[in-house]
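Below are the chains, spelled out letter by letter.
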Amino acid sequence: MAELSTMSEEQILKELLKGNEALFQQVFSQYYSSMQSVAYAIAGPVIADEVVQEAWVSALKALPKFEGRSSLKSWLIRIVANEAKTRRRKENRSVSLEAMQDSWSTDPRFSENSGWKNPSSQWHGDTPEDLLSADELRECIEKNMQKLPENQLAALRLRDSGGLSMDELCNILEVSSSNVRVLLHRARDKVLRVIDHFQVTGEC
Amino acid sequence: MLPNCKQIAEQASEKIDEPLTGMAWFKHKVHVLMCKHCARYVNQMELSSRTITTMDSQVTPNQEVKKNVEEKYRDLHCSDSSHGTK
Numbered sequence: 001m002a003e004l005s006t007m008s009e010e011q012i013l014k015e016l017l018k019g020n021e022a023l024f025q026q027v028f029s030q031y032y033s034s035m036q037s038v039a040y041a042i043a044g045p046v047i048a049d050e051v052v053q054e055a056w057v058s059a060l061k062a063l064p065k066f067e068g069r070s071s072l073k074s075w076l077i078r079i080v081a082n083e084a085k086t087r088r089r090k091e092n093r094s095v096s097l098e099a100m101q102d103s104w105s106t107d108p109r110f111s112e113n114s115g116w117k118n119p120s121s122q123w124h125g126d127t128p129e130d131l132l133s134a135d136e137l138r139e140c141i142e143k144n145m146q147k148l149p150e151n152q153l154a155a156l157r158l159r160d161s162g163g164l165s166m167d168e169l170c171n172i173l174e175v176s177s178s179n180v181r182v183l184l185h186r187a188r189d190k191v192l193r194v195i196d197h198f199q200v201t202g203e204c
Numbered sequence: 205m206l207p208n209c210k211q212i213a214e215q216a217s218e219k220i221d222e223p224l225t226g227m228a229w230f231k232h233k234v235h236v237l238m239c240k241h242c243a244r245y246v247n248q249m250e251l252s253s254r255t256i257t258t259m260d261s262q263v264t265p266n267q268e269v270k271k272n273v274e275e276k277y278r279d280l281h282c283s284d285s286s287h288g289t290k
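Here the protein sequences line up with chains G and F, keeping their order. Mapping of the first sequence onto this note's numbering: position 162 corresponds to residue 162, and the numbering continues sequentially without gaps. Mapping of the second sequence onto this note's numbering: position 51 corresponds to residue 255, and the numbering continues sequentially without gaps.
By construction, these hints were calculated from the structure, which means they are not laboratory data. Just so you know, not all the hints are guaranteed correct.
[Unchecked claim] Cβ pair distances, simulated, as ranges:
| hint | chain 1 | residue 1 | chain 2 | residue 2 | range |
| --- | --- | --- | --- | --- | --- |
| 1 | G | E67 | F | V234 | 43 to 51 Å |
| 2 | F | V263 | G | S165 | 37 to 45 Å |
| 3 | F | E275 | G | N118 | 21 to 29 Å |
| 4 | F | V263 | G | N113 | 23 to 31 Å |
| 5 | G | S29 | F | L206 | 24 to 32 Å |
[What the hints assert, rightly or not] DMTMM-like, lysine to aspartate or glutamate: derived pairs with alpha carbons at most 25 Å apart:
| hint | chain 1 | residue 1 | chain 2 | residue 2 |
| --- | --- | --- | --- | --- |
| 6 | G | K18 | G | E54 |
| 7 | G | K190 | F | E222 |
| 8 | G | K65 | F | E222 |
| 9 | G | K18 | F | E222 |
The model shown is predicted, which means the values in this text are computed figures rather than measured ones. We put the CB at the ideal spot given by N, CA and C, even for glycine.
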């Protein structure tokens with residue numbers, strides 16, 4: 001069986017169009033987590049898997065027309081993001097992806113002259129695997145990510161889980177590039193603070 | 205003038221997505237070399253981002269979705285093949 005990692009995108013596409021089921025299973029598994037993260041971030045946890053399934057159905061129909069202008073992954077992520085936004089509108093959930101919520105200007109970690117007053121601590125571990133070896137921290141990050149404003153969570157998942165470009169984030173979230181930068185910073189900063197608190201106290 | 209710590213904290217995330225260039229890069233570098241709190245924050249910001257990537261890459265597929273999508277793939281391919289042989 002051909003290994004996905006050893007094939008070029010062109011070869012993968014050719015095989016998928018020929019109906020190579022074994023390869024399709026690998027492609028599905030490879031991109032599932034990114035697609036699920038994006039669906040979850042935009043449409044919510046209840047219908048995330050449904051959105052992924054619908055996105056795949058659309059992608060399979062459109063596959064013969066895929067011209068390879070972007071990577072297969074980016075193309076799939078765009079489809080799932082659009083599907084998630086459509087579903088979100090259908091479910092009559094308010095689309096507040098463009099809303100900005102900010103307490104950065106009054107962040108108590110900084111002094112009045114914008115220097116550090118309460119800097120982060122030294123962490124035990126300098127790789128994701130080191131940090132995630134504590135299951136409690138993994139659960140704690142997940143729990144706190146759910147408390148992020150929707151637009152921040154969507155930006156974080158589209159970028160750090162989905163690997164989308166900044167331009168693609170602007171299009172999907174319908175915000176300017178400077179707003180995307182702010183959303184990403186606030187979301188990552190929150191994750192950093194959660195990890196820091198866990199490193200200091202051992203608690204979530 | 206060099207950026208302050210709060211500005212460096214913002215740049216810590218920005219430079220994950222787009223590398224700083226020119227004077228902005230130089231000023232950032234000088235500040236981080238002189239400020240251990242910012243140096244630590246910049247590293248931790250990058251590590252936090254990679255941790256999210258790692259966490260989300262470890263999600264296992266929902267088996268029902270996998271089965272349904274594979275069936276759809278099979279159906280589409282079969283119908284394509286039957287068209288081709290006609």
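Check your understanding: Is the gap between the beta carbons of V263 (chain F) and S165 (chain G) within 37 to 45 Å?
Key -> Check failed, 22 Å falls outside 37 to 45 Å.
**Study point:** Assessment of proposed distance window 43 to 51 Å (beta carbons of E67 (chain G), V234 (chain F))
**Key:** Holds: the Cβ-Cβ distance is about 45 Å, inside 43 to 51 Å.
Point to revise | Restraint status (C-alpha distance of K18 (chain G) to E222 (chain F) at most 25 Å) | key: violated (38 Å)
Review point. CB of V263 (chain F) to CB of N113 (chain G), is that within 23 to 31 Å?
Key: Distance hint for V263 (chain F), N113 (chain G) is violated at roughly 43 Å.
Check your understanding: Is the Cα-Cα distance between K190 (chain G) and E222 (chain F) 25 Å or less?
Key -> The hint holds at about 20 Å.
Point to revise | Holds or violated: K65 (chain G) to E222 (chain F), with C-alpha atoms at most 25 Å apart | key: It is violated: about 31 Å lies between the C-alpha atoms, which goes past 25 Å.
Review point. Range hint 24 to 32 Å: satisfied by the CB atoms of S29 (chain G) and L206 (chain F)?
Key: Since S29 (chain G) and L206 (chain F) have Cβ atoms about 47 Å apart, the given range 24 to 32 Å is violated.
Exercise for review: For the pair supplied as a hint, K18 (chain G) and E54 (chain G), confirm whether the alpha-carbon distance does not exceed 25 Å.
Suggested key: The given pair, whose Cα atoms are some 22 Å apart, holds under the 25 Å limit.
Practice item. May I ask you to test the hint 21 to 29 Å on the CB atoms belonging to E275 (chain F) and N118 (chain G)? Key: violated (54 Å)
Hint compliance for this structure: hints 2, 3, 4, 5, 8, 9 are not met, and every other hint is.
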